[in-house]
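Participant: Got chain H; can you put chain X on it based on the hints?
Chain order of the listed sequences is H and X. Take the first sequence: its letter number 253 is residue 253 in my numbering, and every next letter is one higher. Take the second sequence: its letter number 108 is residue 399 in my numbering, and every next letter is one higher.
Do not rely on the hints blindly, as some may be mistaken.
[As the list claims (entries may be wrong)] Below, in silico cross-link-like pairs of lysine-lysine (DSS-like), each with a Cα-Cα straight-line distance of 25 Å or less:
id, chain 1, residue 1, chain 2, residue 2
1, H, Lys-257, X, Lys-429
2, X, Lys-301, H, Lys-102
3, H, Lys-102, X, Lys-561
4, X, Lys-561, X, Lys-460
5, X, Lys-460, X, Lys-399
6, H, Lys-102, X, Lys-309
7, X, Lys-460, X, Lys-483
8, X, Lys-531, H, Lys-140
9, H, Lys-257, X, Lys-531
[Claimed, not checked] If you only want the chain H side, here are some residues facing chain X, beta carbon under 10 Å, derived:
id, residue
10, Ala-23
11, Phe-29
12, Phe-136
13, Leu-138
14, Gly-191
15, Asp-230
None of these hints come from the bench; they were simulated from the model. Computed from a predicted structure; not experimentally measured. Where is the CB? At the ideal position from N, CA and C, for every residue including glycine.
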Amino acid sequence: MSASISASPLARRRRRSALLFLAPACAMFLIYVIYPIFSSIVLSFYDWDGVGARTFVGLANYRELLHSDTFYTALQNNVIWLVLLLLAPPIGLLLALYLNQKVRGIRIVKSLFFSPFVVSGVVIGLVFSWFYDPSFGLLKVLIGHGVPVLGDEHMATLGIIVAALWVQIPFCMILFLTSLTGINPEVIEAGRLEGARGWTLLWHVVLPQLRPATFMAITLTVIGALRSFDLISVMTGGGPFDSSTVLAYFMYDQAIKYFRFGYSAAIAVVLFLIMLIFIVYQLRRLLRSDN
Amino acid sequence: MYPLPVASWKPSNRALYKISLPIALIIWLLPLLAVLLTSIRSSDELMQGNYWGWPHDFAAFQNYRTVLVDSPMLHYAWNSCLITFPSVFGAIVLSAMAGFALATYPFKGSAAVLATFVAGNFVPIQILMIPVRDLTLKLGLFNTVGGLILFHLSFQTGFCTLFLRNFIKELPYELVEAARVEGATEWQLFYKIVLPLIRPALAALAVLVFTFVWNDYFWALCLTQGDDAAPLTVGVAALKGQWTTSWNLVSAGSLLAALPSVAIFFAMQKHFVTGLTFGATKG
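If we strip away everything but chain H, and leave its shape as in the complex, we get:
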């Protein structure tokens, strides 16, 4: 069957056009995304300053990583980021439920709630650095005395995560708002007739219908948490004493500041392996829903 199809000139013409349509996108994606992944993995076994020759060092970069305190700080901070940023989906859901009403001006209210998401991380970072400033920041005015949030080893990461939540919550909110409007009203009515209301209705009837949105919110929050870079770079630069660094920032620092490209690639590979779990999970779901 397939042999006879590929023999016909029409099918051949179509296959050729399919190839031509695909070629530019595939070529660019291969060069700038796929090839670099493998290139980084290979590089992680080398010692390289970015200019001179590369020397193969086997697993030395990874061994060094396992003995580096900063690596564990970064890893621990990545876990803190992951756990705390996952507050965004439930808070976003609450916000969506709060705003899912038809009153005058609600559209502009929703948009304004959402607006932090479209502001660049750099600006958000500046806004919050200023918010936390111990001598005049808004936080000082609110709680009465200045707290050097970003200058304190124990609070810097938390301070940055609050800023990240301010961006991530509205994103989750908009996902939930969109799917709330897409819910079949009859199902809700049926639930109400059965006597379900409030939390019971939310838990047993509404939430199951929001599953795609929940899934998206969680996946993208996880990815966002692991990718976090802009805010850290602007707000603390990983400090004080590397206390607020994460793998993404640690990696950048090692490459750009210390020109340790092989070592830096090894950090990136570790981050990649952590994220691979989520990538595989997401892909399986995508392919399953396709069939």
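Facilitator: Quick look at chain X alone, frame taken from chain H:
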């Protein structure tokens, strides 16, 4: 509808709800409002420590003028435009063609190609950093807008292809068949039949990709050095160092930098949300 519409609430609760909205909004936007307020204060006032009182003299005009004239903000903004528009255009052209191919031609391995595009987009961008930087250096594109454009358009193509492929798949296939019977070439099929039908999807993607690229900071740091090709995000971060004590100027600069993507969002809200929530409503 869930929760119960306010229309069927007790009048007192309904009133309470309506009052709570602006209050909640002000609390939510407080960090931003504070910055807005600071950006219109004069330096003298900040020196005297009047951060939170009512501004005595409005210096909005001077502050914004200083930022626009006495700092290279406009130069950075221009760089941002030079980087963002071609990237958005390029990503959309490439992904429209690829999405069309993946949606209309059944061939072995099309699922694998799609999966590669998606997977590539979820990768931590840090793993791409060193090779992409290296490649950009070798191409002689380091510290040029061209280097950033090539990367951005390639990277964004992944997500855009998935989006457009799914959108095209939803179109009635008979249209394509009918056009083929009429004798249309494959290119005409794409250009004359499919492209006009996917215009809303293209608009949604354009807005979304615009904000992603416009707000990018990581790649701007990796692929530029100095002022030549640096976009607005790098410029704003530099403002902090340049005017360490003049928070009114830093605030004004930050707000100016945020303005374009916020404006585009408000102007094309519907498209933006369609693009962003794609995948959240079905599947």
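Participant: With a cut-off of 10 Å, does the beta carbon of Ala-23 (chain H) approach a beta carbon of chain X closely enough for the hint to hold?
Facilitator: Since chain X brings a Cβ to about 9 Å from Ala-23 (chain H), closer than 10 Å, the hint holds.
Participant: Does the structure keep Lys-257 (chain H) and Lys-429 (chain X) at a Cα separation of 25 Å or less?
Facilitator: Distance ~20 Å between Lys-257 (chain H) and Lys-429 (chain X) Cα, so the pair holds.
Participant: Verify the proposed pairing of Lys-102 (chain H) with Lys-561 (chain X), using a straight-line Cα cut of 25 Å.
Facilitator: Holds, at roughly 17 Å.
Participant: Is the Cα-Cα distance between Lys-460 (chain X) and Lys-483 (chain X) 25 Å or less?
Facilitator: Satisfied, since the Cα-Cα distance of roughly 17 Å is no more than 25 Å.
Participant: Starting from Lys-531 (chain X), check that the Cα of Lys-140 (chain H) is at most 25 Å away, please.
Facilitator: holds (21 Å)
Participant: Keeping to a limit of 25 Å between CA atoms, is the pair of Lys-460 (chain X) and Lys-399 (chain X) held or broken?
Facilitator: holds (17 Å)
Participant: Take a quick look at whether Lys-102 (chain H) and Lys-309 (chain X) sit within 25 Å of each other, Cα to Cα.
Facilitator: holds (11 Å)
Participant: Quick one, are Lys-301 (chain X) and Lys-102 (chain H) close enough, alpha carbons at most 25 Å?
Facilitator: holds (15 Å)
Participant: Once the shortest beta carbon distance from Gly-191 (chain H) to chain X is found, is it less than 10 Å?
Facilitator: Holds: closest Cβ of chain X sits about 9 Å from Gly-191 (chain H), inside 10 Å.
Participant: Can we keep the Phe-136 (chain H) interface hint, with Cβ of chain X closer than 10 Å?
Facilitator: Holds, about 5 Å.
Participant: Can we keep the Asp-230 (chain H) interface hint, with Cβ of chain X closer than 10 Å?
Facilitator: holds (5 Å)
Participant: Quick check on Leu-138 (chain H) please, does its C-beta sit within 10 Å of some C-beta on chain X?
Facilitator: holds (5 Å)
Hint check: no violations occur; every hint is consistent with the structure.
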